[in-house]
Amino acid sequence: MSFNTLDFLLLFFATLVLYFLLPHKLRNPLLLISSYVFYAAYDLKLTAYLVITTLFAYVIGILIDRSREGKGAKVWMIIGVCANVLVLAFYKYFNFLSSTAASFVKMKPITLKWLVPLGISFITFTVISYIVDVYRGKIKSEKNILKFALFVSFFPKVVQGPIERAGDILPQFDVKHSFDLERFREGMLMAIYGLFMKMVVADTAAIIVNTIYGDLETYSGAAVLLATVLFSFQIYFDFAGYSYTAIGAAKVLGFDFSPNFCQPYMSLSVSEFWRRWHCSLNRWLTEYIYIPLGGSRCSKRERRFNVLVTFGISGLWHGADWGYVIWGLLNGVYVNIENMIKGAREKRGKDVKKAPRTFIGRELKRILTFILITFTWVFFRTEKLSFALAVFKRIFTHFRFVGFIKYVFTQLKAGPQNTLFGIDAFFGVWPFVLCFAAAIVVDVIAHRRSLASKKNIAAELSTGRRWLRWGLSYIMIFAIIIFGIYGYGYNSSAFIYAGF
Amino acid sequence: MKKSLKLSAVLRGVLYLAIFALLFTAVNLLFTPSHAGVSEFGQVGAFYKEPRNTIDVIGLGSCNLYTSLSPVVMYEKTGITSYNICCADQEFSTSYYYLKDALKTQSPKVVVVEALFFLAENTKKREPYNRLALDYMPLSLNKLELMSELSVRESEWMKQYDPTTPDIPLTFAGYLFPILRFHARNDFNSEDLASPFALSQYSYLKGGTPWYNYTRNDGNFYDQVYNGNTLNEMTLKYIPMIKELCDSNGIEMIVVKSPNYLRWGRDDSYTKPVRDYCEELGIRFMDFQLPEYNNFDIWDYSDHTGRLNVYGMRKFSETLGSYLTENLGLKPTALSDKDRAAWDKCIDFYYKRAQEKGCDCYQGHIARVSSLDGALQVRWNVCDECESFSVYRREGQDGSYVLLTDSASGETYEDTGVVSGRGYTYYVVPNSGSLAGTKSPEVYAEYLDMPDNFTVRNVNGQILLSWDAVDDAERYVLQRRSGKSFAFEDLAVVTGTSFTDDSAVEGRVYYYRLLAESDDGKDSYQSMSEIVYELPRSTPEITEVAFEGGEAVISWQPLNNLSEIAVLRRGPGEEGFTCIAVIGGDETSFRDGNVLSGAEYYYVIAALDSYINFNITSEYSNTVSIRAAE
Chain A
1 MSFNTLDFLL
11 LFFATLVLYF
21 LLPHKLRNPL
31 LLISSYVFYA
41 AYDLKLTAYL
51 VITTLFAYVI
61 GILIDRSREG
71 KGAKVWMIIG
81 VCANVLVLAF
91 YKYFNFLSST
101 AASFVKMKPI
111 TLKWLVPLGI
121 SFITFTVISY
131 IVDVYRGKIK
141 SEKNILKFAL
151 FVSFFPKVVQ
161 GPIERAGDIL
171 PQFDVKHSFD
181 LERFREGMLM
191 AIYGLFMKMV
201 VADTAAIIVN
211 TIYGDLETYS
221 GAAVLLATVL
231 FSFQIYFDFA
241 GYSYTAIGAA
251 KVLGFDFSPN
261 FCQPYMSLSV
271 SEFWRRWHCS
281 LNRWLTEYIY
291 IPLGGSRCSK
301 RERRFNVLVT
311 FGISGLWHGA
321 DWGYVIWGLL
331 NGVYVNIENM
341 IKGAREKRGK
351 DVKKAPRTFI
361 GRELKRILTF
371 ILITFTWVFF
381 RTEKLSFALA
391 VFKRIFTHFR
401 FVGFIKYVFT
411 QLKAGPQNTL
421 FGIDAFFGVW
431 PFVLCFAAAI
441 VVDVIAHRRS
451 LASKKNIAAE
461 LSTGRRWLRW
471 GLSYIMIFAI
481 IIFGIYGYGY
491 NSSAFIYAGF
Chain B
1 MKKSLKLSAV
11 LRGVLYLAIF
21 ALLFTAVNLL
31 FTPSHAGVSE
41 FGQVGAFYKE
51 PRNTIDVIGL
61 GSCNLYTSLS
71 PVVMYEKTGI
81 TSYNICCADQ
91 EFSTSYYYLK
101 DALKTQSPKV
111 VVVEALFFLA
121 ENTKKREPYN
131 RLALDYMPLS
141 LNKLELMSEL
151 SVRESEWMKQ
161 YDPTTPDIPL
171 TFAGYLFPIL
181 RFHARNDFNS
191 EDLASPFALS
201 QYSYLKGGTP
211 WYNYTRNDGN
221 FYDQVYNGNT
231 LNEMTLKYIP
241 MIKELCDSNG
251 IEMIVVKSPN
261 YLRWGRDDSY
271 TKPVRDYCEE
281 LGIRFMDFQL
291 PEYNNFDIWD
301 YSDHTGRLNV
311 YGMRKFSETL
321 GSYLTENLGL
331 KPTALSDKDR
341 AAWDKCIDFY
351 YKRAQEKGCD
361 CYQGHIARVS
371 SLDGALQVRW
381 NVCDECESFS
391 VYRREGQDGS
401 YVLLTDSASG
411 ETYEDTGVVS
421 GRGYTYYVVP
431 NSGSLAGTKS
441 PEVYAEYLDM
451 PDNFTVRNVN
461 GQILLSWDAV
471 DDAERYVLQR
481 RSGKSFAFED
491 LAVVTGTSFT
501 DDSAVEGRVY
511 YYRLLAESDD
521 GKDSYQSMSE
531 IVYELPRSTP
541 EITEVAFEGG
551 EAVISWQPLN
561 NLSEIAVLRR
571 GPGEEGFTCI
581 AVIGGDETSF
591 RDGNVLSGAE
601 YYYVIAALDS
611 YINFNITSEY
621 SNTVSIRAAE
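Taken in sequence, the protein lines are chains A and B. Under this note's numbering, the first residue of the first sequence is numbered 1, with each subsequent residue one higher. Under this note's numbering, the first residue of the second sequence is numbered 1, with each subsequent residue one higher.
Be aware that a few hints might be false.
[To be verified] Just some of the chain A residues that point at chain B, by a computed CB distance under 7 Å:
| no. | residue |
| --- | --- |
| 1 | L6 |
| 2 | S178 |
| 3 | L181 |
| 4 | P416 |
| 5 | D424 |
| 6 | I482 |
| 7 | G487 |
[Unchecked claim] List of simulated lysine-lysine pairs, DSBU-like, C-alpha gap at most 30 Å:
| no. | chain 1 | residue 1 | chain 2 | residue 2 |
| --- | --- | --- | --- | --- |
| 8 | B | K338 | A | K25 |
| 9 | B | K104 | B | K243 |
| 10 | B | K159 | B | K109 |
| 11 | A | K300 | A | K393 |
| 12 | B | K49 | B | K77 |
| 13 | B | K6 | A | K454 |
| 14 | B | K338 | B | K109 |
| 15 | B | K49 | B | K272 |
| 16 | B | K6 | A | K455 |
| 17 | B | K100 | B | K143 |
| 18 | B | K243 | B | K272 |
| 19 | B | K143 | B | K237 |
| 20 | A | K176 | B | K6 |
| 21 | A | K45 | B | K159 |
| 22 | B | K100 | B | K237 |
No wet-lab data here; the hints were simulated from the structure. Note that the structure is predicted; figures quoted are calculated from it, not measured. Glycine included, each C-beta is placed from N, C-alpha and C at the ideal position.
The shape of chain A in the complex, shown without the other chains (with noise of 0.2 Å):
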């Protein structure tokens, strides 16, 4: 099941009540099996996958654990990090991997079709961490099975993560969470502003891209574009959009998750972008992969090769296909080229630090980094090189502004029943500016109040202001009820990361 239905409503409001209702010892069982619910909803034969890389994380963590000794530990580790890398590469990049040698030797590719467990990647990552960590003495192994296999299946995050390490979860299984009307509202504060992101705000989006993309032809390449840019912010409000519900509903429940997602396109820098884009990811990257390569403790060359690798490494983890690839070298170019003109500035004697005085200068550089990213979202996207470039040949050589816009003004001006790329012409055009807007200014409001050090939204409307606190929230409801995109025809399942 995911987030944005009506059993998930059902199965979180049940286990909500009884977690507070049991006593401590029963609250992680009872979490296990709603978790367990969760995930079987999805499909109940590949259950058998999270039941098995469980059952195999926590043996070999024992096992590190009884090796320190000698090398025992070192080969336990890699046995562990390999079988699972193996099983990754197996489920998801059997076909990639195929069909790219079939291309070179010109033979026809093995195909596999199976249905690859749910949330492969983020689980795969997890238990990686879990293991890896165990390794280098930061935690200890966890002998509680149920307390392991709670915390690699604990529902608000199995799916789409965020990627929480096991030093960070765990122990929060011990603690005696008491209701707290505080946390409640925060959460679930989060929880529906999550949802009205990724329902109202990306699933609107999407039907909108998902129409110029599906018919490049009939389309102007100023439409190209604004479908493109639509893009950037139908990617963010899904993914950020599930990891608030994520994190609200954990937080309901009495646990505090990383923040993932930090008002990325707020950011004066690809670098910095980086740092605020699915951060419990590029945290694992930063420790799992790019601080083991040597990070930045090396040459100038080696570092931006493992740049290049890390981001290699989080494209091919987005999507079995080169556009991913494209996508994540890309953005390890990009950062390459930052750090080669802050090298150069610092040289300078340049503060490299601070933040433009102007605000154009500000400004511009906020727009040069979207544009920069949403560039390579193109990639990302498409997933093939071909539809790629034929995107952004659209967009250079049939851009027809002047025809773009008095299409759009035609079929706002028709009105209900008629269709503007694909949503209706009123219905469904104001509604979504609307709520669009909303949502940009929310960011730029909680990327003022980031940058002053003050609580995050949600937290400040738990604590006052009732009257706020019910009207966003019921106004973010009801948009969810009527603007959401959902029920018949519409596929509750399609959060864009929920096929990794």
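Given the structure of chain A, go ahead and fit chain B onto it with the hints provided.
Then chain B, alone, in the frame of chain A:
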């Protein structure tokens, strides 16, 4: 302090949820389309506005009942109050729960259940029809049970056709909270804003929906082919439940077959299973298509869909009302002055609405004047205690009237003294009864001869239509209906006497209608030719027959149509051909393995169109024969 904090938190939580529930209810009401609340698609919600215990008869059924039984007419004629709790394609599960719910506020003496859905092909639960059934019913345990039944059937059935069909819980939720379905509406308009609670507007027509399309139907009724339909599972489950509910509440249950010549056909084959089943359960069954009940003129009382038009509905309602009072001894409930006044208002509304729609339904008035073959037929609305009418006519719209007859009985008079191309004005006067001596409004009509010799021929795939000219006809309107659609559509308007239909698709069945027309500057007058049941279909041709591998194999040229193919065989000792298989229209061969060694078999094929209740076949192909190998 802590306790009071907890209590205040709980109270705030309850308040939050209460406000949410209020807003959610309002949003549900706002977004559920209100336009269907009192439209022809059932007036279910309005039933609950009726004052308690004022309804004598409840009607349950599909469109066939709510276009047949007019509670207003029944009240006007007999004083019996009734209400049709019906919606389109209403199934018996819905009828059962409607009745169960209705009994909370009403104590009817009779329940009339329409028979059409006894045999309807099983039960295609479609969301729009379920919505009509559910969205206007107030929330109650009965509604929840009905919702559950319909959700299960819809989800199960629709998944065959659309894998994205929501599962049962979401389907159920969509019915419980219509906003979940209607949130994606793009026809939201000021009507919805103006009347958020208009789902149950008061209904003046009490669930009866006259079809004001009174044009003569085409008489194109298909002969029933009893195709072996049996009573469907909803019938077998819910009719006994409805009977039990009626019995336990002292209510007489009647199953009626209201006239519908399209659905029921002319013979008894489709009716017999229904009648037999009712007999088995001890339920009174009334077949209103039988002459003993009504003398229904199928030409004038039905429309092109086979349902009764507004005049047929009046007749049916009067007849049923008379039957209930005279045969069942049903005595109307004594209404209060207020309730009586409300019903009288409904009568006014009924007549005014009919006038707006161009139908004169007032007693003693001329309903219409229409061209027959060689005559103008004047039809009037009967009035109380009047057994005969006087009919007056003048030529054109000036001049003096002459009395054509002073003893026209029934409802019609055929004026054969008319000349094609000339106009005539008529009025009628009841000779006795409550309106004796009252002159009706005048009605003008022009007479046109019917076009003679209207022929349709298929010559090498071209459809040639021709006819004789009609004096004073200014043009001819050709209409066409393809086999599977009910309504005729305009094909061409010509001034000549022939037409080639080059838009006909090879192999389809077409029906043509020819209307001669003239104008008087204000209105058009038509006469209609006899409908030609022509099958301009290329008969298939068997090209090969052989015996291979123990099977007789026949092959034919492919057909360019959507029909099926019926394969018929005559075996040894058999007299006629029997259909042994019906296969897809894109097949080009058939293997018959059910043959006896050494026997000779004859085969023909025919193109087959399957309709709701019957089949139409083309002419048989050429006959081929084969002897099965020893």
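Hint check:
Given the 7 Å rule on beta carbons, the hint for L6 of chain A holds: about 6 Å separates it from the nearest Cβ of chain B. Against a cut-off of 7 Å between C-beta atoms, the interface hint on S178 of chain A is violated, since the closest Cβ of chain B lies about 12 Å away. Because the smallest distance between the Cβ of L181 of chain A and any Cβ of chain B comes to about 6 Å, under 7 Å, the interface hint for this residue holds. The beta carbon of P416 of chain A is positioned within 7 Å of a beta carbon in chain B (closest approach about 5 Å), and the interface hint is therefore held.
Given the 7 Å rule on beta carbons, the hint for D424 of chain A holds: about 4 Å separates it from the nearest Cβ of chain B. A hinted interface residue such as I482 of chain A counts as satisfied when its beta carbon comes closer than 7 Å to some beta carbon of chain B; here the least separation is about 5 Å, so the hint holds. The interface hint given for G487 of chain A is met, as the beta carbon of that residue sits about 6 Å from the closest beta carbon of chain B, less than 7 Å. Proposed proximity of K338 of chain B and K25 of chain A is contradicted: the alpha carbons are some 68 Å apart, above 30 Å.
For a cut-off of 30 Å, the pair hint linking K104 of chain B to K243 of chain B stands: about 17 Å separates their Cα positions. Taking the CA atoms of K159 of chain B and K109 of chain B, the gap is about 41 Å. The hint is violated against a cut of 30 Å. A threshold of 30 Å between alpha carbons decides the hint, and for K300 of chain A with K393 of chain A the separation of about 35 Å lies outside it, so the pair is violated. Restraint check: the Cα-Cα separation between K49 of chain B and K77 of chain B comes to about 23 Å, which is no more than 30 Å; the hinted pair holds.
Distance check on the hinted pair: K6 of chain B and K454 of chain A sit about 28 Å apart at the alpha-carbon level, within 30 Å; holds. This hinted pair checks out: K338 of chain B and K109 of chain B have alpha carbons roughly 21 Å apart, not beyond 30 Å. Between K49 of chain B and K272 of chain B, the direct Cα distance comes to roughly 38 Å. Violation of the 30 Å bound is thereby established for this hinted pair. At roughly 25 Å between alpha-carbon atoms, K6 of chain B and K455 of chain A fall within 30 Å of each other, so this suggested pair holds.
Distance hint between K100 of chain B and K143 of chain B is fulfilled; the C-alpha atoms sit about 10 Å from each other, no more than 30 Å. A hinted pair counts as satisfied when its Cα atoms are at most 30 Å apart, and K243 of chain B with K272 of chain B qualifies at roughly 20 Å. In summary, the hint linking K143 of chain B to K237 of chain B is supported, as the alpha carbons are separated by about 18 Å, within the 30 Å threshold. Annotation: proposed proximity of K176 of chain A to K6 of chain B holds, straight-line Cα distance about 19 Å (limit 30 Å).
Restraint check for K45 of chain A and K159 of chain B: satisfied, since their Cα atoms lie roughly 22 Å apart, inside the 30 Å limit. At most 30 Å may separate the alpha-carbon atoms for a hinted pair to count; K100 of chain B and K237 of chain B meet this at roughly 15 Å.
Taken one by one, the earlier hints fail for this structure at numbers 2, 8, 10, 11, 15, listed in ascending order.
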